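Can you make the complete structure from the sequences, with help from the hints?
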Amino acid sequence: MTTTAVPETTIPTAVPATVVLDEAVPARAAWSAVVRRGQFLTVTDLHGNQAVDCLLYDAHDTAVRYSAADTLQASGSVFVSTGTVLMSNEHTPLMTVVADDCGRHDTIAGACSKESNTLRYGHHTWSQHACVENFLAEGARHGLGKRDLVSNLNWYMNVPVEADGTLGIVDGLSAPGLRVVLRAEADVLVLVSNCPQVNNPCNGFDPTPVRMTVTERTGATEPAATTEDGPR
Amino acid sequence: MTETTHAEAGTATTTAARAHARSQAGTVVDCMPQLPPPAGTLWSETVAAGGYTHLVLPAGAHVALTDRDGDACAHLLLFVTDRPWERLNPADTVKVQWNAYLRLGSQLLSDQGRVLATLVADTSGRHDALAGASTAARNRARYGDGAAHGPSPAGRELLLLAAAKQGLAPRDLPAPVSFFRGVTVAADGSLLPTGSAGSGAEVVLRLEQRTTLLLANTAHPLDPRPAWHCTPLRVTVTPGAVTAPGDPHWDTTPERHRAHLNTAALGAR
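Order-wise, the sequence lines are chains A and B.
For the first sequence, UniProt numbering gives the first residue as 1, with consecutive numbering after it.
For the second sequence, UniProt numbering gives the first residue as 1, with consecutive numbering after it.
To be clear, the hints were calculated from the coordinates, so they are not data collected in a lab.
Certain hints may be false.
Claimed, not checked - Derived list of chain A stretches under chain B, where covered just means 3 residues or more per stretch with a C-beta under 8 angstroms from a C-beta of chain B:
{"no.": "1", "segment": "51-60"}
{"no.": "2", "segment": "67-77"}
{"no.": "3", "segment": "90-104"}
{"no.": "4", "segment": "119-132"}
{"no.": "5", "segment": "142-155"}
Unchecked claim - Which residues of chain A face chain B? A partial, calculated answer using Cβ under 10 angstroms:
{"no.": "6", "residue": "R36"}
{"no.": "7", "residue": "A63"}
{"no.": "8", "residue": "S116"}
{"no.": "9", "residue": "D187"}
Every value quoted in this text rests on a predicted model; they were computed, and no experiment measured them.
The beta-carbon is built from N, C-alpha and C at its ideal position, and this holds for glycine as well.
This is the structure in structure tokens:
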């Protein structure tokens, strides 16, 4: 891990911030935490070009979870960036992207798995580590099982869609130190697989660590404003 | 008994109530199953606008969906029967096939690297694997009501009912894919609804495993029209065979070929 490129953690507004949690996630590893309503989660791509697969659950009712489809319905775009409200399967806001150094992120290509890897690359990949295994192992710590895995977010992963519908994971747009900042609109359980994929360019074929930082406004007792999507 | 007799008898007694109930038999309406199914079919049904159905079907069955009047939208979920933790994965479906759009030859892929269904006929070409179904909250905001039995039912509410009847719970439902209402993706990522191909469009899905099929027929979540629109959907199931070596769909791409290999292997069916 290079130390010079690590930026200080900030939230996007010029208010004093308190760091609640600041953890490095090793290459290929899983991570989870509850981010309380009004807190901010910063995902830092420490070395650049690292895909960070992410699922969100209502911390009080995990049957309410991230929905890529509802997020697309609300935003009208397959690209996730500043302003995108990350929606639940009940079409309620879970988190909002409030700052983004990278420009865009993916939410249509899902997570790698042992099984899908056999289709994408060949059966020689069967014994390799994949994101679904990370999600299952880390999710189990919170009582989540296979039924609870749905299409996810892929921070820093670049998935363009061409005019004829052709899509694919291509070289990343990220660079060392880039950050995406999310504001929690509810108490959210965040589940992350720091993608171990080595068969496509989502990690530049070389998984690297990322940093997860939870902050809140110093002295804040009131949560952030609700979104215009209405009450939860 | 004649109609007049029923009216005179009313429903004040058990025998009269029974006679009244039994007198309804044979009533034919627009949206209902045909029983017994017509010769050569396993199932034949017209799903109401805002209705749903749930079927358990054998491997090899061919499911024909017809947009009879031009405003149907079939939100579809597939599970392997008796193994419902293997289910449709929309992300794998588009990622593995390197394409965001469902077309003739497309596979609907499970989360276990296997094929649930192959799209073996398509006269519509307007489908969607990205935007999912509407929710009660969204339809409430757009139309004033999203309840399953209201005037503008949400796809998720209908699929939850269909799922419950198969012993499946909200946690079991990923986003569905949708037929007869498409979206395209612009270069900047924005989603553009394509509308309908018109009345009579048909798709045929060949089921590659024993399948629990959940289907909701309701407005697409990105339908740009201010009012809720939907019309009945025809569902006809005929027996058939799964895709096998030599079939034109067996190895159209390396990825689909491997998906068929995985599906044909031990225990999948």
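Hints versus structure:
Check on the segment 51-60 of chain A: 0 of its residues sit with their Cβ under 8 angstroms from a Cβ of chain B, so the three-residue criterion for coverage is violated. Interface restraint, the segment 67-77 of chain A with chain B: holds (8 residues with C-beta to C-beta distance below 8 angstroms; minimum three). With 4 residues bearing a CB less than 8 angstroms from a CB of chain B, the segment 90-104 of chain A meets the requirement of three and the coverage assertion stands. Residues of the segment 119-132 of chain A lying with their CB closer than 8 angstroms to a CB of chain B number 5, which satisfies the three-residue condition for coverage.
Judged by the Cβ-Cβ criterion of 8 angstroms, the segment 142-155 of chain A is covered by chain B as claimed, because 7 of its residues qualify and three suffice. Annotation: interface hint on R36 (chain A) violated; nearest CB of chain B at approximately 23 angstroms, more than 10 angstroms. Checking A63 (chain A) against chain B: minimum C-beta separation of about 5 angstroms stays under 10 angstroms; hint holds. Nearest Cβ of chain B to the Cβ of S116 (chain A): about 5 angstroms, under the 10 angstroms cut. The hint holds.
For D187 (chain A), the suggested interface contact is broken, since its CB lies about 19 angstroms from the closest CB of chain B, more than 10 angstroms.
In this structure, the earlier hints numbered 1, 6 and 9 are contradicted, and the remaining ones agree with it.
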